[in-house]
Amino acid sequence: MHFGPHLLLAALEGLVTAAVLALTALGLSLVFGVMRVVNVAHGEFFMLGAVLAWAISTAISGHPALGFLAALVLAPLIVSLIALVSERLVLRRLNYNPEATIVATIGMLYIIQQLALTFYGPEARPVEPPFSYRILLPWFGYSGYKLSIIAASALLLAATWFVLTRTKIGLVMRATRYDSETAQAFGIPVDRVYAGVFALGAMLAAVAAVLIVPISQAHYLMGQDPLLLSFIVVIIGGLGSLRGTLVAAVLIGLSDGIISVFFSPTLAKIIATLLVAMVLVFRPQGLFGTASR
Amino acid sequence: MTDKNGFFDLSKTGLTRRTALKGLAAGAGLAVAPGFVRYSQAQSSAPIKIGFQCHRTGIGAAYGRWYDRTTAAAVKAINQAGGINGRPVEVIIEDDGTDPGRGAEVVGKFATQHKTDIVYGTLFSHVVIGSAPAAGEAKMPYFVVSEGHHVASTKLNRYVFQPGITDVKSQIQAMAPWIAANAGKKVTQIFPDFAFGYDHRDYLPPALKAQGGEVIAQIAIPPTESSFTKYFPQIPAETEVIYHVMVGPAVLTFVKELGEFYGSSRPQLFGFIDSLEATDINSPGLEFLDGSHFWEGSPRYAQSDDSAAQKAYRAAVGIDDNGAAVGDPKDVSTAAHMFGCWETLYVVKKAMEDAGYKGPEDRAKLVEATEALTEFAEGPEHPQGPKTFNGKIHQCFGIQNISKVEGGRLNVVHKTKIEDGLYEPEGDYTTQPL
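Chains as they are written, first to last, in the numbering used here: chain A, 1 to 293; chain B, 1001 to 1434.
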């Protein structure tokens, strides 16, 4: 294949990765930014989203788009409910202590994974895409559905940005993040804001999973990769920085796509890890993060 | 000690003569009831314990599910016919998570905790390779139902056998002439980046060269990969045949993405059914496989010329004419591999009977008796077809099927002969001490 079309394919693959990664990493970044909780179970919320998408879409007969749309609405809601319950039952009781919550979310990771294995089983199962349109380029064909993932992700990211910066909910969240004690003094129910943010973070991961599942498949071990990549993105972008998360997701997604197409996927992972090391050495707060005061 | 509470006073338990007679009658009735087998032998009627190292979780789970069902069916048939050496067979299952480290632990667990007579059943080559040293160490006969060339290459040890399914080197050698003559001579290979894939990588080029063909590119894909489009630009434009062999949960994605990439203007495709085991050939996105060919160890779909033994085997295991579980068309079997479980258990039975096997102290005798086997005739015990066995390399050789995807099913278009897959042995396990 010539260089031009080769690069085009690489960029498209990279953009799909970036789109899903941005949503997943945003959830992780938001939870840390507001609550100072490093959610190690984030990847499992992603997996739950995919597994529930399979369950919902197979329960609904008729055109595959019906099942998929139902999954896109219901799966993130169910996952956010599960997150809400686990926040109430676990994180709140630990007073959001940073060390304790890391251990607790590791525990949640294993519990959720084993529950998925028990009730869903060890198989990888496919979810039918809502439409299968093949875009015919002169050099190769490309999945129309994959392109729609990029569009859907962009829309969702814009919506999240709007909520965070232009609405009262966003204002409350930012106030809580900036100084939770003062916010409390001004009558903001910090405790409930935390619960909401944790649910929202899980919801973003679940949405990303529902979008990706028609092109990958639901599997009970699928949460590990997005967790690792999200951490890489969040560290590079700066924990809690929305803009940094987006830029880093596009950077990592594109570089992963391009390097793995032209060289090898293993090299892409090596370079991403190296980038993390460099950022930690030279700019520990991340590219767009602010140094802690 | 005084018995104040009367616990030991039998007169109060109320065991009347009538109750005793009832009990005796029930016991006698049970003994003559259909399905009750008397195990006729002299010394022990304790069951022969077979430790089944099963991929219940991890990337081999779909295979594990069907290996489990096939094993249960074979053990039921063996026990109904009187067991092994007149003793019933009991299967003890441990999950290895399709993981080499856990595989070795499971072998150790069978040896020390369950005290099984043998260990059996593993498929994935990295688990076989990871577990083999533990089996050798424990002097535990280890009957694998894998496919890799690791057993036949004599790189493992004297306690490891592969008597129920042909190895990859033999399969490739048997099929290369058909590929070169019918599909094309310029071949690009796509294979998983671990032991099983390396067998394909290493043995296809020489086998194809002997037929005037050529492997022009080799693309290795990590076994945990979940997206494949990025590898496809590496396929050279002049490729006539894409030879694909993928395993694990992402195979459906692999085939779908290949379809999106090429559409109808694709090169010829020749795949190992591993790429689609346990996957419905009529899944959305797989239409583009129509007209392509697959290797099958044993055909998934019932064929018009199926033998009576093949039909009986399919009924016993519980798969319908489409190769799915009876009553659940979505539960597609791993038919191309799981017959190996059935046949391996009958090889174990034969070898144990030849050795006069009585217990773990006879394990060395069992190894020698297995090595002395030479041929397995086609029939109820070997429904996939006739096989020869080479005791020096612990490997059997059988026929292979090449099937074409037509109208949403796989039809066998070519059967190879045993001789097509024979090669010079690379070593001799029998020279190793027991």
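Misleading hints may appear alongside valid ones.
Unchecked claim - With a Cα cut of at most 20 angstroms, we get these calculated SDA-like pairs of lysine to any residue:
id	chain 1	residue 1	chain 2	residue 2
1	B	1330	A	241
2	B	1350	B	1088
3	A	269	B	1222
4	A	168	A	123
5	B	1330	A	269
6	A	269	B	1224
7	B	1330	A	128
8	B	1330	A	59
9	B	1415	B	1223
10	B	1330	A	123
Stated by the list, open to error - If the Cβ cut is set under 7 angstroms, some of the chain A residues that face chain B in the computed set are:
id	residue
11	13
12	128
13	134
14	140
15	141
16	143
17	187
18	190
19	191
20	217
21	258
22	264
23	285
Just so you know, the hints here were simulated from the structure itself, not pulled from any lab data.
Everything numeric in this text was worked out from a predicted model, so none of it was measured.
Glycine is no exception: its CB is placed at the ideal position from the N, C-alpha and C atoms.
Exercise for review: Could you tell me which of the numbered hints above are not met by this structure, giving the numbers in increasing order?
Suggested key: 1, 4, 5, 9, 17, 18, 19, 21, 22, 23
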